[in-house]
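Student: Each chain, letter by letter, is given below.
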Amino acid sequence: MAQREVARAVADQAVARLGARLLPSAVPADVAEFRNGAGNAVGSLDVHRGSPGSSIDFMLQSSLHCEVPNGAIDITSILIFLNASTDAPHFQLELIQGSSTSIVVILDLLPRKDLAFHPDYLQKYYEENRMDEQRGKIEELPQTHPYRSPSLFVRSACSPTAIMVSIDCGQGGEKALEEIMHGQLATVIQEVLQIWLDNCADSITEMDEVERDCLLKRDQIVRSKSIEVDLTANLPRMFGPDVSSRVITEIRKAFGVQEP
Amino acid sequence: MALSPTLCAATAASRREAAVSRMPRLAHREVMLALAHQMEARLGPRLLPSEVPADVAWFGDGAVPGAALGSVDVHGGAPGSSIDFMLEAWFHRALPTGGAIDITSLVVFLNGTTDAPHFLMELIQGGPSSLVVLLDLFPRRDLPVHPDYIDKYYGATGVDAHRINIEKIPQVRPYVSPSLLVRSLWSPTAVVVDVQCGEGKEAVLEEIVRGQLAQSAVELLDVWLQKCAGSVVEMEETEKESLVARDKMISTTSVKLNLSANLPKIFDKHVSDRVVAEIDKAFRGP
Numbered sequence: 000m001a002q003r004e005v006a007r008a009v010a011d012q013a014v015a016r017l018g019a020r021l022l023p024s025a026v027p028a029d030v031a032e033f034r035n036g037a038g039n040a041v042g043s044l045d046v047h048r049g050s051p052g053s054s055i056d057f058m059l060q061s062s063l064h065c066e067v068p069n070g071a072i073d074i075t076s077i078l079i080f081l082n083a084s085t086d087a088p089h090f091q092l093e094l095i096q097g098s099s100t101s102i103v104v105i106l107d108l109l110p111r112k113d114l115a116f117h118p119d120y121l122q123k124y125y126e127e128n129r130m131d132e133q134r135g136k137i138e139e140l141p142q143t144h145p146y147r148s149p150s151l152f153v154r155s156a157c158s159p160t161a162i163m164v165s166i167d168c169g170q171g172g173e174k175a176l177e178e179i180m181h182g183q184l185a186t187v188i189q190e191v192l193q194i195w196l197d198n199c200a201d202s203i204t205e206m207d208e209v210e211r212d213c214l215l216k217r218d219q220i221v222r223s224k225s226i227e228v229d230l231t232a233n234l235p236r237m238f239g240p241d242v243s244s245r246v247i248t249e250i251r252k253a254f255g256v257q258e259p
Numbered sequence: 000m001a002l003s004p005t006l007c008a009a010t011a012a013s014r015r016e017a018a019v020s021r022m023p024r025l026a027h028r029e030v031m032l033a034l035a036h037q038m039e040a041r042l043g044p045r046l047l048p049s050e051v052p053a054d055v056a057w058f059g060d061g062a063v064p065g066a067a068l069g070s071v072d073v074h075g076g077a078p079g080s081s082i083d084f085m086l087e088a089w090f091h092r093a094l095p096t097g098g099a100i101d102i103t104s105l106v107v108f109l110n111g112t113t114d115a116p117h118f119l120m121e122l123i124q125g126g127p128s129s130l131v132v133l134l135d136l137f138p139r140r141d142l143p144v145h146p147d148y149i150d151k152y153y154g155a156t157g158v159d160a161h162r163i164n165i166e167k168i169p170q171v172r173p174y175v176s177p178s179l180l181v182r183s184l185w186s187p188t189a190v191v192v193d194v195q196c197g198e199g200k201e202a203v204l205e206e207i208v209r210g211q212l213a214q215s216a217v218e219l220l221d222v223w224l225q226k227c228a229g230s231v232v233e234m235e236e237t238e239k240e241s242l243v244a245r246d247k248m249i250s251t252t253s254v255k256l257n258l259s260a261n262l263p264k265i266f267d268k269h270v271s272d273r274v275v276a277e278i279d280k281a282f283r284g285p
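Residue numbers (numbering that gives the first Met the number 0), protein chains in the order written: chain A, 0 to 259; chain B, 0 to 285.
Watch out, some of these pointers could steer you wrong.
[What the hints assert, rightly or not] Coverage of chain A stretches by chain B, computed from C-beta distances (three or more under 8 Å per stretch; other residues unrestricted):
id, stretch
1, 117-131
2, 154-162
3, 214-221
In case anyone wonders, no lab produced these hints; they're calculated from the structure.
Glycine residues also receive a C-beta, built at the ideal position from the N, C-alpha and C atoms.
When you get a sec, could you build the whole thing from the sequences and use the hints?
Tutor: Rendered as structure tokens:
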């Protein structure tokens, strides 16, 4: 399945490059793979914490597959969050596919500062990296339309160069979508990840106490809200209370967010 | 100068109408005229009389072919009100090629007695059948850190419906500012679009302007007047200072990158300098 292959390639690229900066997977077996009682939904979750001294907080990969009356829903997420030794953006990729002819792509370097107050941050991580060119490469595809998340929070948290699109190849467009996914989309995702690995994952930022507190506080709020809105919105519906609460607990642990 | 509020409003309204009447008739200007009038009427005594010099309230010579015409007016907020200032700008320039550029802005900034969003509307018309529309409840906080703020002013108010209705129009597509900073300032429900109706399709644009656009603008203004302009939000001193400092930064950005960058292209340097100085004064405050 194209989505799985694209996500696999991204994860492999990240893991290979980050190497010893990632600890081995920390997830219990009944969360690494999980399914619902009815057997029509399966998921997986993998979390690698960053090793001590690295800038990586954690890398999370998740996939959900759920059969529905006229097909299936497939959602893949890859998040690589940095810790307070740097203010560089986090890496975010989400692929949400409701049919074989269309896919929603969210690909972004999530900002960790108030951009209005820090135009230099924008300059450093977005303008100098020419992130906007990557956005352009996807948006020039004729099958692309903007995707507006139903969550106002998600819209607010993304960067001004975020790729948030739906690629719709129309009826009979299965092959066309597959070509785009293995082609232009895979290329852009790879390039964005490379930019992130080169300019963000390795970075260290000198910060005073006030700046660090501010960064931590901002990270904390964004994380818990992201978990609430984004990652865990679908789980209870697809997997029932027991399985989903087990999985959500692991996700909260990864993000370092307490139970509410 | 002690004019009664109604006389102030009447003077400002008639000055505004006089300025607009000296420019070619344009549907978007008529829509903005109604909005500015509504804004002023509803804010009433919360606005002080204008102190803008006559040569900024109106500049340009209509008798000269291809001359740039413009009017800028600023009303400070009355002491004790939540209003910082109301700024309106009306620009027209006929182009040698036969077309024209018409830009109209209506911006009301709130002060530190509330954290509610500012009101911002700008119409940039580069030809008879194309129009860039910027319409937003301009956020004053770092949104991802304040999910309650998002819910209060953007979720509960239902304003995303306007963005959805406008974006549904086939001739409408997103307008992506070349400035990343400008992009980062918009709210998640901002209308930031480019309406392209195609060569010869002036009537189509006019219908959109007088129809969906006018309706959404009026409704959004109403939401803003009810939920934002009248609000009072208690804040600690440091929070308030931070908010006001952020206001200064975002106004510098939007003025410098939007109006100030475009004005010298339309007007002679000495005119645009004067106008930019007046606008700067409004944003900087007393």
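Student: Now, for every hint given, state plainly whether the structure supports it.
Tutor: Structure-based check of each hint:
1. 117-131: holds (count 5)
2. 154-162: Held - the stretch 154-162 of chain A has 6 residues with a Cβ nearer than 8 Å to chain B, which meets the minimum of three.
3. 214-221: holds (count 4)
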